[in-house]
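Q: One letter stands for each residue in the lines below.
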Amino acid sequence: MSLFTGPLIHSGKTNRMMMTLVLVSLTPALIAAVLHYGFTAALLVICALAGTWLTELVLDRQHAFDGSALVTGLLFALLLPVSAPWWLAFLGGVLATGLGKHAFGGLGCNLFNPAALSRVILMALIPGAWFVSTAVTMDGITTASPLARESSMLAPTLAELLSGSTPGTLGQAAPLAVLAGGLLLASLRTIDWRIPLTFLAAVAFLALLLPASERIAGHAPWLLGNPLIHIIGGGTLLAAFFMLTDPVTAPFAPVGRIIFAIIAALAMMLIRYYTPYPDGAVLAILIANACVPLIDRFTLELGAAPRIKTPQSF
Amino acid sequence: MTPYDAIFLALLASRCINRPQQWWLVVLAPLLSFVIGSLEPLGRLTEPLTALFAVALAPRWAPVGLLLVVPEYSSLTESIVAAAAWFLLDALFGSLLKRVNEDAVTPHLRGWPIQLLILGVLYYSFLPLVWI
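Protein chains in written order, with our numbering: chain A, 1 to 314; chain B, 1 to 132.
Accuracy of the hints is not assured; some may be wrong.
[Said to hold, decoys possible] From the derived model, a few chain A residues whose C-beta atoms are all more than 10 Å from chain B:
#1 Asn15
#2 Leu35
#3 Phe39
#4 Leu88
#5 Cys109
#6 Leu224
#7 Gly225
#8 Asn226
#9 Ile231
#10 Ala267
#11 Ala290
[Claimed, not checked] Derived coverage of chain A by chain B (criterion: at least 3 residues anywhere in the stretch with Cβ under 8 Å from a Cβ of chain B; other residues may be distant):
#12 112 to 121
#13 194 to 200
#14 269 to 279
#15 293 to 300
Since the hints were made in silico from the structure, they are not lab data. Glycine residues also receive a C-beta, built at the ideal position from the N, C-alpha and C atoms.
With the hints as constraints, model all of the structure from the sequences given.
A: Next comes the structure, spelled out in structure tokens:
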């Protein structure tokens, strides 16, 4: 007698196919970043890709050519500020694959988004390396972004935000390119549309709802009560479409995915409004990832129908 | 030591000891620490009494309880938040550890190393929320 464990229904999409779709969807954002920031951005992307792919090749040759390492590397590169040194991109790539993925058992076994995990580990270990010219005032501050402008500065205009003329990470160079890639993935059903939709709606709602705090100096008044800035600025779009939707680190059930997106939005907005951290997107992803086993436990016990997980990770 | 650090050390300690039936009573430790600490007539007896009550809450989990009473809680709210945070993070940490596929983890990372990695990620991920 043969015994099998689930999932037994195959979605028809292979890892390689899904990773290729994600890579294609990320290409507009990648091209925009390279056009916007030039050679430095290209170098950072190459170093991050080299870090993830070489680590994958050493640790798991079998999956080195399915594209998952390239997706992780590209996502990590898009989280980097252009002022980051090349070695940080390479090291981040190594950590994303080595610690973020293979420490937990490899493809499909990771608890946290590998790119986000690597970013947070490097923020904690070498916070000073993230900037060349921008001042760092405390441990863990991520990057200069429109959300980190001094309170004395004027609010960035919509045109500034959309054109990437405000300082930020490579992924913020062209929010429309990220959005286009995300919508492509959603339309092809590679990602569950519930997650980005709920996340963005919750971000907008919380931006209007949360009261201002006088305790944190440095937050510009225009940052508060402005949903559009919070959706377009920072890493919101990249998180919504490419990082929170990673099927390995998201809950099984549709209800669970909605709860997961709300938790991520709440964590990000609390960090943006009430802490000196300029952009809480990456930390919010990890906080939401940490809640997934509990969300799964409650939603599955309540009888919500589980969705089939595809064994992939980006 | 800040309450936040104490919470994570207590989480670590809680993995070293088997969970007794009354483990959840440890959640009262921060509150107890604040209340006993605010009773001025106790004087020099404050700390030993706090320690004694922390141990009495769940004797087999004394190290966890003692770690939670070490920080000075500045207000009742802070002690309640610390207790709630410990309780929630304990549940999160436990559920994450259950999700780890130990057989898939590289042999030299199984057990303590992977637990420490998860705890470290939780520590840095939730750290900004201390500001709130």
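Q: Can we confirm that no CB of chain B comes within 10 Å of the CB of Ala267/A?
A: 8 Å, violated
Q: Would you check whether the claim that Ala290/A is not at the interface survives, using Cβ distances to chain B and the 10 Å cut-off?
A: 5 Å, violated
Q: Three residues minimum, CB to CB under 8 Å: does the segment 194 to 200 of chain A make the cut for coverage by chain B? Let me know.
A: violated (count 0)
Q: Over 10 Å from every CB of chain B: does Leu88/A meet that, or does the non-interface label fail?
A: 17 Å, holds
Q: Just want to verify: Cys109/A was marked as not at the interface with chain B; is every Cβ pair farther apart than 10 Å?
A: Check fails; 5 Å does not lie beyond 10 Å.
Q: For Ile231/A, is the shortest beta carbon distance to chain B beyond 10 Å?
A: 20 Å, holds
Q: Count the residues of the segment 293 to 300 of chain A with a beta-carbon closer than 8 Å to any beta-carbon of chain B: does the count reach three?
A: Our answer is that it holds, as 3 residues pass the Cβ test (under 8 Å) against chain B, meeting three.
Q: Is the Cβ of Asn226/A farther than 10 Å from every Cβ of chain B?
A: 20 Å, holds
Q: Are all beta-carbon distances from Gly225/A to chain B longer than 10 Å?
A: For Gly225/A, whose nearest Cβ neighbour in chain B is about 18 Å away, the distance exceeds 10 Å, so it holds.
Q: Between the segment 112 to 121 of chain A and chain B, are there enough contacts, at least three residues with CB-CB distance under 8 Å, for the coverage claim to hold?
A: Coverage by chain B holds here, the residue count being 4 at a Cβ distance below 8 Å.
Q: Is the listed coverage of the segment 269 to 279 of chain A by chain B valid when you require three or more residues with a beta carbon under 8 Å from a beta carbon of that chain?
A: Per the Cβ count (6), the hint holds.
Q: Please verify that the nearest CB of chain B lies beyond 10 Å from Leu224/A's CB.
A: Non-interface label on Leu224/A holds, nearest chain B Cβ at 15 Å vs cutoff 10 Å.
The structure fails to meet hints 5, 10, 11, 13 from the earlier list, while all remaining hints are met.
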